[in-house]
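Asker: Letter by letter, the chains look like this.
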Amino acid sequence: MLTARDLCKRHGAFWALRSVTIDIVGGTTTMLFGDNGAGKTTLVRLLASAASPTGGSISWFGSAEPARARIAMLSHADGHYDDLSAMEHLNMAESLLPRVGPGAPPRRSPAQLLEDVGLSARSGSLVRTYSAGMRKRLAFARLLQKNADLILLDEPYSALDPNGALLVDRLLGELHSLGRTVIVSTHQVERTAKHADNAIHLSGGRVIWTGLASDAPARVVAAEPG
Amino acid sequence: MEPIAQCFTLARKELLLQWRTRARFGSVLVFGVTALLIFSFAVGPDSTALKAHASGYLWLALLLMSTLSLQESARLDVQNGALEALVLLPVDGRALYYAKALVNTITLGTLGTLLVPIVAVLYDASAKEGVGLLVLSVWLGAAALVAPGTLYAVLTSRARAGDVMLPLLLFPLVVPALLGSVKATEVIMLGDPMGRVYSWLGLVIAFDAIYWSLCGLLYPLLLED
Amino acid sequence: MPRKTTIIGILGILLYIVGCYDGLLVAPADRFMGDIQRIMYVHVPCAWNTLVCFTISLVAALGWLLSGARARAEGRAWKWDELLEATTEIGVVLGAFLVVQGMLWAKPTWGVYWTWDPRLTTVAVMELMFVAVLALRGFVDEPVRRATWSAVVTLVAYVNVPLVYFSVKWWASLHQVQSSPSTVDPAMVLPLRINAFAVLFMSIGLMGLRTQLARRQRQALLGESDSDSTASSGGAA
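Protein chains in written order, with this note's numbering: chain A, 1 to 226; chain B, 1001 to 1225; chain C, 2001 to 2237.
FYI, nobody ran anything at the bench for these hints, they're computed from the structure. Beta carbons: idealized from backbone N, C-alpha and C, even for Gly. A hint or two may mislead.
Said to hold, decoys possible - Cβ-Cβ distance ranges computed for the label pairs, FRET-style:
{"#": "1", "chain 1": "B", "residue 1": "P1193", "chain 2": "A", "residue 2": "A69", "range": "58 to 68 angstroms"}
{"#": "2", "chain 1": "B", "residue 1": "T1034", "chain 2": "C", "residue 2": "V2112", "range": "26 to 36 angstroms"}
{"#": "3", "chain 1": "A", "residue 1": "V100", "chain 2": "B", "residue 2": "R1160", "range": "54 to 64 angstroms"}
{"#": "4", "chain 1": "B", "residue 1": "P1193", "chain 2": "C", "residue 2": "F2032", "range": "56 to 66 angstroms"}
{"#": "5", "chain 1": "C", "residue 1": "F2139", "chain 2": "A", "residue 2": "S131", "range": "28 to 38 angstroms"}
{"#": "6", "chain 1": "B", "residue 1": "P1003", "chain 2": "C", "residue 2": "R2003", "range": "44 to 54 angstroms"}
{"#": "7", "chain 1": "B", "residue 1": "R1160", "chain 2": "C", "residue 2": "Y2113", "range": "45 to 55 angstroms"}
{"#": "8", "chain 1": "B", "residue 1": "F1031", "chain 2": "A", "residue 2": "T3", "range": "26 to 36 angstroms"}
Starting from the given sequences, assemble the full structure and let the hints guide the process.
Answerer: Following this line, the structure appears as structure tokens:
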């Protein structure tokens, strides 16, 4: 479904990723974890086709060309315009996205999406008045709107209050049950592991371990000093 | 067909953003008026000389305003990664360019049009060949500044020292358009017994045609990382 | 072992000495302008080669922009970026000489250092456009981004050169009849020809050195070794 061979990415002299090879099976949730600077964000961006690799190759859905309409990414930069409202963002994307083919399930309406992420009450306010958590909720709404097959989440739990974190839990469960392929980078290893099938441990731009998500928390605990 | 539909949606978004940030538009306009006032100090209170050069001052003011307005409009796209989000949606790169350039032209054309009465008052300028033609020359020239300006702004807004780089890249490039616009506006203001206005406007139109097509082709290349 | 381009460059220097000797001491003085006219022997070759350099920059820009993802991943496309950096820089240096020489010519000829002669103005504008390309390169660190951005800007700037020329020509009434070799004394043509090739050869020599320097700078930045630069990025793990 998604395979990457010998992926390298360099920022100036710094190798953010070195020879990363991964194979993601469709319909699974994969957790990426590792220290800051391990290459999680870079890997997510490459797999989302937001950046091109310095070396190596990626194949999405069996093709070397990314089908961007089928890929969605939640990144650190939320991609919002400060002077548009949540509703305006979703309405704009609705008319920019390709038409849903006959027989395919319809996209959720903007109002429904905002309801799902708990933003209905403020849907008409400008994004600049939002808190960090609300911005993140809007980012989730935009992500869900795309109805993509491959979903990449870069640290979905950051900047969220406990309720927001529960929302991410629900979201991960929902995407999994819909059979979507999800890759999620996180520092909340224990929490994320509950929703993931597989896990990849990155360190210094290399894959140092792959295995079942349920085995991942033990690795983090073991690595912790003291 | 789809890129064209996307272009309209994006242009509506750009217009909405321009409207919401209209305080910025107002500041740029005041900046332009200030520039016009300052230019007259360079010449002194010689009303004949000021009147003769009114067209040049108008275009210099508009050129200075263009970099502020273009850079700001690109900054809105870049600051939260909004442009990248659109590219990944995916939106056609050319649709992004033409929507942006269209609305930038509307902004700069409006700014230029608003400067015209101020030039008329400050320098006692008139439009001997008609106000309609004068406004047309302002809009054609604005479109000429915007075409490469939109392309360059998306690049300088992501580079270090971008505020310096935009005028450094843009000003020498728009020399032909500026020459054409200044001369066209000048003969419209002072009278055109030789009928030269259309050849000067023709130069500006040629510049518009070349750069509106070329920059639309090149813009998508600057979006990939 | 010196590279071929270095040998050509040295040949250029020797040729330049011959050309200047011929131009300054052998060729007859101009009937109207006297010895001032001898600046032509460096000015005109400089002008031709400035255009040659920027044209090669354009070719390099197109080469980079049209290179496929594969050529870039394997590192084969970098030669275009190196060439662009080298020729743009040499073009800017020659262009600077050109503007100064033009001014030195203008002062005794027209009595002022600067006139709005279409060629002089076009060269000045062209020079500024390509200086801006170099400035932009200085402010962008990521090599791929720098290559793409400077290629785009080079392309846009190059297309502008004829537009600038014709618009300034229209705008300024001051014309200078173009001197072509066919209207001047054959004794004047020889040093002109010699120097045209001399400057071309020196430019080629510099291009070779500058391209090499650009490659080493990039390799130092990216931590590549000299020999396996094309293979390492492919990721032979």
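Asker: Any of the earlier hints contradicted here, and which numbers?
Answerer: 3, 4, 7 and 8
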